[in-house]
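The chain contents come next:
2 protein chains.
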Amino acid sequence: MTVRVDLNISLDGFATTTDQTPENPFGEDWGRLTEAYVATRTFRERVLHDTSGAGTTGVDDAYAQAYFADVAAEIMGAGMFGLHAHGDDPGWRGWWGEEPPFHVPVFVLTHRPRPSIEFANGTVFHFLEASPEEALARATDAASGGDVRIGGGPTTIRPFLKAGLVDRLHVAIAPILLGRGIRLWDELRGLEAGYTVTAETAESGTVHLTFAR
Amino acid sequence: MTVRVDLNISLDGFATTTDQTPENPFGEDWGRLTEAYVATRTFRERVLHDTSGAGTTGVDDAYAQAYFADVAAEIMGAGMFGLHAHGDDPGWRGWWGEEPPFHVPVFVLTHRPRPSIEFANGTVFHFLEASPEEALARATDAASGGDVRIGGGPTTIRPFLKAGLVDRLHVAIAPILLGRGIRLWDELRGLEAGYTVTAETAESGTVHLTFAR
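As they're listed, the protein sequences go chains A and B. As numbered in this note's numbering, residues 5 to 217 make up the first sequence, in order. As numbered in this note's numbering, residues 5 to 217 make up the second sequence, in order.
Hints are supplied without guarantee of correctness; some may be wrong.
Said to hold, decoys possible - Among chain A residues calculated to face chain B with C-beta under 7 Å, some are:
1. Asp16
2. Val42
3. His174
4. Ile180
5. Gly183
6. Ile186
7. Trp189
8. Arg193
9. Leu195
10. Glu196
11. Ala197
12. Val201
13. Gly209
What the hints assert, rightly or not - Anything over 12 Å on all C-beta distances counts as not near chain B; from chain A, calculated:
14. Thr38
15. Gly168
16. Thr205
What the hints contain is simulated information worked out from the structure, not anything from laboratory work. From a predicted model like this one, the values you see are computed outputs, not experimental measurements. We put the beta carbon where it would ideally sit given N, CA and C, even for glycine.
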């Protein structure tokens, strides 16, 4: 059982974008940050339900396949589920429509817990106020020996990294500079200790960097 | 003729360290940031004058060889020459002793110009107060068709990057998180426009990333 993190970041370290406007609710940066990942055949199949076989099949796609493999429970922050934007709506069911691409129990960390939401495809969102250690214990239990992913965003992930709870950190570094957003790497001096760090470059120019124990 | 930048940075983007103390005048971070570069055969020959043939000969060394090739003039900030620490000493001749590894004219940007310093090996330090464009014109003239390097530090380099004066930017990204220092990437949103970005991973785990026009 492995505790994993997988994130897309820019060369200047931004993992969450902050250029959203009412006219452009996702901003322009998010699409550029995730461009190589969204272009993969695996993303198109798993998230867009496009079974035409379209999409890239190189190094980026190999990481996209690994992204979905073996994860049996997920933890995410309230912002990633959409509670910062939609928390006042008791009917909010996340960004992903009726086919969320998780297929496993997802534990959403929030100071305002709400009833669980279950989907036909196996995705169940649970809401809890918990420390990283407590949330990981819940998710580990639910995963029954499978892997647990800390999904994001960076503000949620950092305490898990600092507490030494993450076994494998994979960052896909897009070769772009955003100059704004929320950084993954703040206050993580010395994180590399105890990990082996490897890197591989994809055809898209994305650098896949992995910290593994 | 190419205007070049070559820098060692950490994964969290720090190009200059700030952990110097009177007891440890270079700090502990600088050695870790430059470890893979200092280990190369080329660095040992060119900077340490070690002709024993010791040192690594892989990808890092190929970049170290390229570092020294074709550069016919260099521009650096006052801090890189040592004027922030030693500016009150009129006899200060730089950090590098009597064999500075440049062998070409070096233009040091400072608000307090001083007389030029010439070394037997071809290195000449000139001191000038100038805009990036003016300094580059001086260095280009001195280079007589050879390449010009903007040597550092990041605070000196950033205005040259912002002004679109750099043809090739090579960063050697050490797989470590320093958590402190001076960042290269601040306020460089969109720098990648107009460049092709490529990356290559060395045996040391260093990721060599190149922005080329």
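Run the structure past the numbered hints and jot down the numbers of the failing ones, going up.
-> Failing hints, ascending: 2, 3, 6, 11 and 16.
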